[in-house]
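K.L.:
Here is what each chain is made of, one letter per residue.
Protein chains: 2
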Amino acid sequence: MSHQENLTYYVAQFVDELYQSGIKDVVISPGSRSTPLALTFAEHEHINHWVNLDERSSAFFALGMAKEQQRPVALLCTSGTATANYFPAIIEAFYSRVPLVVLTADRPHELRDVGAPQSINQLKMYGDYVKWFHEMTIPEATIQALSYARSIASRAVAKAESENSGPVHLNFPLREPLTPDFSLPNIWGRSSADTYHHHIAGERKLDSNQVNQILTQIKDGKRGLLICGPQTDLDVKQSIFTLAKHWNIPVLADPLSQLRAGKHNKGLLIECYDSILKSEQIRNQLKPDFIIRFGAMPVSKPYMFFIKENPDVPHFVVESYEGYREPTLHQTKYVYSDPSHFCAQCVEHNQGMEMDPVWTNMWVRMNDLVKAQWLEEESEKVTEGHAVTEIKDAMKDQHILFTGNSMPVRDVDTFFTSTEHDVQIMGNRGANGIDGIVSSAIGAASHGKKVTLLIGDLSFYHDLNGLLVAKQYGIDLTVVLINNNGGGIFSFLPQAKEPKHFEVLFGTPLDLEFSKVVDMYGGHHVQVESRQHLRQKLEHAYEQGGIHVLEVQTNREENASWHRNEWQQIETKLLQIIGEES
Amino acid sequence: MSHQENLTYYVAQFVDELYQSGIKDVVISPGSRSTPLALTFAEHEHINHWVNLDERSSAFFALGMAKEQQRPVALLCTSGTATANYFPAIIEAFYSRVPLVVLTADRPHELRDVGAPQSINQLKMYGDYVKWFHEMTIPEATIQALSYARSIASRAVAKAESENSGPVHLNFPLREPLTPDFSLPNIWGRSSADTYHHHIAGERKLDSNQVNQILTQIKDGKRGLLICGPQTDLDVKQSIFTLAKHWNIPVLADPLSQLRAGKHNKGLLIECYDSILKSEQIRNQLKPDFIIRFGAMPVSKPYMFFIKENPDVPHFVVESYEGYREPTLHQTKYVYSDPSHFCAQCVEHNQGMEMDPVWTNMWVRMNDLVKAQWLEEESEKVTEGHAVTEIKDAMKDQHILFTGNSMPVRDVDTFFTSTEHDVQIMGNRGANGIDGIVSSAIGAASHGKKVTLLIGDLSFYHDLNGLLVAKQYGIDLTVVLINNNGGGIFSFLPQAKEPKHFEVLFGTPLDLEFSKVVDMYGGHHVQVESRQHLRQKLEHAYEQGGIHVLEVQTNREENASWHRNEWQQIETKLLQIIGEES
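Residue numbers (my numbering), protein chains in the order written: chain A, 22 to 603; chain B, 22 to 603.
Mixed in with the good hints there might be a few duds.
A pair counts as met if it fits within one copy or between any two copies, since identical chains are not told apart.
No farther apart than 30 Å at their CA atoms in a straight line, the calculated lysine-lysine pairs in the BS3-like style are these [stated by the list, open to error]:
| # | residue 1 | residue 2 |
| --- | --- | --- |
| 1 | LYS518 | LYS594 |
| 2 | LYS45 | LYS521 |
| 3 | LYS45 | LYS518 |
| 4 | LYS594 | LYS521 |
| 5 | LYS492 | LYS518 |
| 6 | LYS492 | LYS537 |
| 7 | LYS537 | LYS471 |
Treat the hints as calculated values from the structure; they're not laboratory data.
Could you build the full structure based on these sequences and the hints that come with them?
P.N.:
Printed below as a string of structure tokens:
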């Protein structure tokens, strides 16, 4: 077999097996060494290839796409520091359990560590942040090598998807010449649509004894709480509310829990627990009898304090497979079971369990009060909170809100109360970086969903390069840009009391006219002057398509002090309710 | 001692020892967890702190600064994916031997791997790409802890600088609260200006026997060559030419060798060897008797073929400490000695050694011919080559040319022939990525040198964020932007013959009006229409200061075909010279 035959058949069968295993999209960054894979992906009829120059943006773009599509997405780049640009998104994917199949082209062994150009050590370069690493053999077209190529492809996709999903890394040493020959006969090989390996993976389910063991610990509890942190399983929503109804138990729902949106009965939904639990005095009045959490740790810091202050309360954390996502380090009972199945078993095994209606009613009243307080603001001025409510009201079914980290997700937590619309709320909450947010939002929009991105100016600047792929592929994105000219969250932290270096080190004002760069990427930019203006522009953006950046200028100090003022009022009113219900 | 006392003294003494050990600059990316170090750096009277938001750009900025300043620069960021953004520049620093002291703030141990926000595993996260990793203890102010903090600081700087320089990584777990108290007495501790540890490091020097061993192998050689690849030691230039004069031996000089610029005698300087060696027929006529290389492997691919085709020629590679930078894998004699000292010993030990004047003269004639050929082009049109010559003629003493990878460095190799001016030519040639180039050029300009950056549109796009720090700190940068709307180098590679996917996968046109983003960063953008226009604009930019982007639009296919045409003419004329001299 010639070099070119070895190369062509091996790569083609590898790529085809990725497709057979479920890969429908690959994000490619240009380069020379990755040529065989790049050209083969482009030739494959059924895989969409997206060319994205900046590898850091590309990886976050793939991550957003994989989150929205709920299936693995492949990444391909050339050798050298291109591979290192993937590192931030890979770490985010690892912690937020998003399946990525990372393919890095590499110099062949004889060109490693000898001062050859663009040659770096790519073996296990992502360390513990990938679920699996494998270095491929040099391409060959023997029967064994082709089976091997298909086997690895199939396994890589399965590994990325299975159990707690995450990224996997395959490294491809490739020798020149690098161009495949697509005129060779039957390069795609197998005609069967079967994947090479099959994966029939059972979910984890508790048996009756285990369920009873759990319920015995909580059956006398009258002041129980269910809480759902960030998670993406849409079945879980129905299961949790069914259980909640049976137990008449409050359901605290993180903004990224997917529980705040949809047509389900929201009588027990408590979205405003962050505001409710802010005051220590109030937390002391709300000591629970047990807590059951689904999903990751919620964003709410008051909620974390609440847990910390109740170390003796039975605390259950439900995970589908495994995990230790409990940062207060108090005794925790980890339940490893498919969450929907667990909820159903709780309903089935314990017909009589019910919370004290006074407890539940108090939570509902407090929630309603906080909601009313936040909605009270009559003025047309667009505060960071009102940006959220306008978005909530403008979004329609199948829309996605993608939230930046730092302040935006906290504003969404506070202000994105429930909606009847079937919408998803997403974010990169694995590692909560300010990097790659624009790219991930565009990835989430890549298959046609309307995405609204709520983001601050620092995060927007960080990933400005991400806009290129939206321009090149005509992907619609509506950005609500909260420009407080610097790091807004720091105004809430103790650092704000150190004025001497604050502005330089934490404030970090950018003083950039974003309209210019938005224009360069073919987007439309507008300064939003009022709530009504924002609403109009959102609806216009959704209708028109394209890239729209709706910039809301706010003042960091004003925002922080307004928040503090509101929370004081809320605290007073909540104490009143608690007094009445006691 | 209180938490705050522990924190304040420990961090202050660590930071002060960095300064005492030679750190004068730190590049800080904003965050909360890094607060103690950030505030302490800002408080320290003698360390310049540069705040740079995008961590990827920050690290490349620090790298460029360290290259130009020829001393280690520190980096500081917060926990989470911020740290991962440093990875590309760390890898570049590792391979190009640039000293960086990377400081990453971290969550404390109890917040690791438990789903706490912004907490990732930072231990040894840069793998084999740092010379040294150390995780610091939680801050304390005991005598032992303060000695420890100083000891580590001192050692980290020394390790970054010593032998083959490179990056080191220190990870700082920090507990809240994070704000130091600078009103505490004597926080900086030691009054002595001594570093904690002293490092009296001898250079490697051969003894007489070793030198004779080498010279014995080459003493009968009449057709010898010296070659200098990328390197930054300015003493080496003088030493090499002194040796060359004694042996009357041609000196092939890579553009980043620093040998092409300055007031030294250039009679034996052969800059155009890339063009000379392009033709296999010509290479066959130029078989050498021995080759001695200083510095890394040159960018020239024809030169690599030349080495590959002469496996039996004694081939010496001189390194100051250690290394294996020889990618053809033929038998190589590695000489581990300070290169200047080695040159002096060769002069001293071997008075009679001299090349055949016919050989040397032939190289000089060929070099002159090629130089004349490239300069022949009369038209005012700005080709990629003429951009280089205009820059060369406009640059003055103490200027720096920073060259992008891919096509720019190859154009500089071909067209940046010698200059009397005392200028440096720099690039990121450790891993040759297209990332971070703008930031590194700005880093090289950060201490006042006039830097001209020659860069293509893809690399420019990749690091647009890098312009922010130039705007914020008023750093001058002149960019000659070669916009051929895509990946120019690929037009020279075999991939260009595959038109079907070429434009999407390799051409990758951006179709961006860079003037818009340049304007956003407060820079001046101009389309350059002719050689004279370019010259004018360069001189204007140098005089005015600020960010200037001089965009030259070229056509990839035209450029590639013009090159091919020129090389054919050159080949014909060179064969003639060889015929005459034989």
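K.L.:
Against the earlier hints, flag every one the structure doesn't satisfy and list their numbers going up.
P.N.:
4
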